[in-house]
Amino acid sequence: MLLHARHTLALAILGVSALTLTACAPAETSGGSASPIDGGTLTYASGDAEPTCLDPHVGGNYPQALVATQYLESLVSLDDSGTPIPWLAESWTEAEDGLSWEFTLRDDVEFTDGTPLNSAAVAANIAHVQDPATGSSTGYLAVGKVTSVDEVSDTVVRLNLSSPDSALLESLSQTWVAIQSPTALERGDEVNCESPVGTGPFVVTAWDRQNSITLDRNENYNSAPADAEGDGPYLDQIVWRFVPDSATRYAALASGEVDVIDNAQPDTLVAAAKDDALDELDAPRPGASNRLELNSGKAPFDDIRVREAFARSAAVNDGIESLFFGTADRSYSALSSVEALGISDEDLFTFDADKANELLDDAGWTERDANGIRTKNGETLSLAFPVSTNQSIPAEQSLFEQIQATTKEVGFDVELEPMDLSSWYAALAADDYDLVSAPYTKVGPDVLRILYHSDGITPAPSGYFANHAKSNLPELDELLTQASQVTDVAERTQLYADAQQIVLDGYYIVPLFDQQNHYLFRSDVKGLRALPTVYTPTFAEAWLDR
Amino acid sequence: MTFVAASPTTTRPRASATQWVAARLGGLVVVLWAAATLTFFALRLIPGDPAEALLGGPGSQASEEALDTARREFGLDQPLLIQYLSQLGRYITLDFGTSYSLKQPVTSVIGEQIGGTLVLAALALALAWALALGVAVWSAQSGRVAAALGSALEVVAVALPHFWLASSLVLLFSTTLGWLPPLSGRSPAGLILPVVTLAIPLAGFLGQVMRESLLNAMSSPFVLSARTRGETSAGVIWRHALRHAALPAIGLSGWAFGNLVSGAVVVETIFARPGLGRTLLTAVQARDVPLVTGIVLVVALAYSVVTTLTDVLDRAADPRLRTEVQA
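Residue numbers (the numbering used here), protein chains in the order written: chain A, 1 to 546; chain B, 547 to 873.
No wet-lab data here; the hints were simulated from the structure.
A portion of the hints provided could be inaccurate.
[To be verified] Distance ranges between label pairs, derived from CB positions:
1) A:Thr147 <-> B:Glu619: 53 to 63 Å
2) A:Phe351 <-> B:Ile592: 30 to 40 Å
3) A:Ile85 <-> B:Pro651: 38 to 48 Å
4) B:Asp641 <-> A:Thr205: 25 to 35 Å
5) B:Trp579 <-> A:Asp318: 53 to 63 Å
6) A:Ile85 <-> B:Ser808: 47 to 57 Å
7) B:Glu619 <-> A:Asp345: 48 to 58 Å
8) A:Asp432 <-> B:Arg590: 43 to 53 Å
9) A:Ala430 <-> B:Leu627: 16 to 26 Å
10) A:Glu219 <-> B:Val576: 58 to 68 Å
11) B:Glu758 <-> A:Lys274: 43 to 53 Å
Since we're looking at a predicted model, the values are computed, not measured.
Virtual Cβ for every residue (Gly too), placed ideally from N, Cα, C.
Working from the sequences, and respecting the hints, build out all of it.
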């Protein structure tokens, strides 16, 4: 039994199961209760880094979103098709000029410290995210256009914007701008980091650093998003553990010591497919696909012919097939497959060594050195490729090695440089790269503006910049700016399609696959689903059939 | 630090007890200073801005303002030499500062995590001693084949990398047999696999040294004389020869402790066990200068204490070292 966000992947995995499962009967659970059972403790083992702060306003990364999904909630959520649906806000309207939005809040919700949810609470949260002292980076971007907040009434709050923002609802659905108790926020970040207070189905009751976070059931929970089924939470408690080693995590799951694991790697997914006691939840992250970004800001990738030659000579499909065992599908899109507005263009990326050779000859890389690497005016065709070992899983790093090998055939010299996160960011800031793979999670197609608008070339004070491809096209900037302001669905869809086509046609990127996000769980864990916002699993409706 | 010479013929001139203590304390200060200095400069030479570590880690999109405030607050805008000296100054007053990434006092982070690592290291050292002694005595008693076998076992054990051993033990005892939990956490049962992982390579090392000196001792004249007095061979080993065999291994236990702490980085990560090793790993990745330096200092201190203890034990085990010869 596979719970799947993407059907194609389900088929791929079933294919693997069919090949390998010769002796086993179909994994149909026999017996078991049909209606949810109250109670029990669920143990979750996370392979992500332990957050240094449990309040996702502070900083704002995926590990924080994973755990915070269990105790914090947002103003809006999204349904499976990406359409905004009510959550803490029951309705909303955009002003004619697009420069303000009014949200009507539910009037019956309390934070778990007894503070009521009202417009003042929302205002305090936006202020907290926007306060430089909080150090929010993800949430800060999400509410970047909000200039002020008016408390129209106790339950109506108005956000005033600097320019229309078609991505506002998608941005607000993210856990990084979840709404917390203003009373709890007043305690200061040091305390709030240890025990943030929200309206969610669970409450943070203990944090034993390096070991586990304990989450207890919120007995007064009444604020599920509009698409929730059932009447959870059912679990008494979640023990959230940190288990960095992939093999240990899987061993703990297989032995029943833990009930759910994240960051399941291709080899464990294949092993789990053969185990009747285990199920999989595949929840590709939203935002950008995993892709190689080619630095068009300097030679040799400032020449589109060289970029295309690289894309055509990288045997990505063969690599994915042999290294991911059918657990990942090749992407031909700048966006994740969960993004409804994503477009794909397979023909641009079909493997064609002859064409690659022709393009490189055309571009003047006609000589070869003793190692078969092409040269031009004494320069060799070498490409610096810094690889973040924190962000690229082992299978992906092996894929990069295969790409290195196949592009060498046509005369590229890819220099893979594995490094830790700080060194990797430093290499990017110093422009010491020709290609790079940098995941970027954000809800909605507005991620394109962050990644490919020329504004993204200018580094933040820390040296960070998001436009690694250094795409600098007025036409593309215009499309992305327009798209970010147009709320008409058809028009927005067209603008984003045009923008993506430019990015793909220009070979600024080589798409690889969705940002992998696989969960494995014991088959007696029921009611688990990924929230279609940032695709973190929610245990609001989960129960144990044992 | 001090390797006690294994040869039984060595006689070193020994200083008086006060001089010995003074020299020890002086050595300790030098070790701590060197550790703090090396850590400080090593962390500044690798890429990564500590101000970013303060504001959400690498890739932070903090504003120039926020970065400047953080730099001023933590003195990161000062010249490196000034920063180094003022950090040394704070350490002298026992002020270890606040962790950049965890925003908690370094002393309380270390206080929270040190227990787990010390228990792990102490148990692993004890088990390694027991294993090494067992194999050494058995192979010394049981003839040539046993000696060769013991020696082979030790060589293999020494060569086993912690990460491989840990994964193999999980596969055997957790996945296949289901006897022990793969996750360590804070449970006593969870301690078994991490302790065994750390103890096996160390036992191989200690065993090599022990068996060699045990065999040497067994062929010494005093063993022959003991035998002529009618001692059984077990009696000879336990009452006479073992003391000799233990000497070099005691000396190595200081080194072994350091080895265990570095092994703890791997083992704590694989078995998901709270402790200093895991904290150190994440602190280095986050460029958390105060926390890394704090942990390094604590480990250096522990290492010095253990080495001193082994010297004291040496004196207890070896009467020759107690004869005071004024230099």
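* Asked: For which of the previously enumerated hints does the structure constitute a violation, in increasing order of number?
  -> 1, 8
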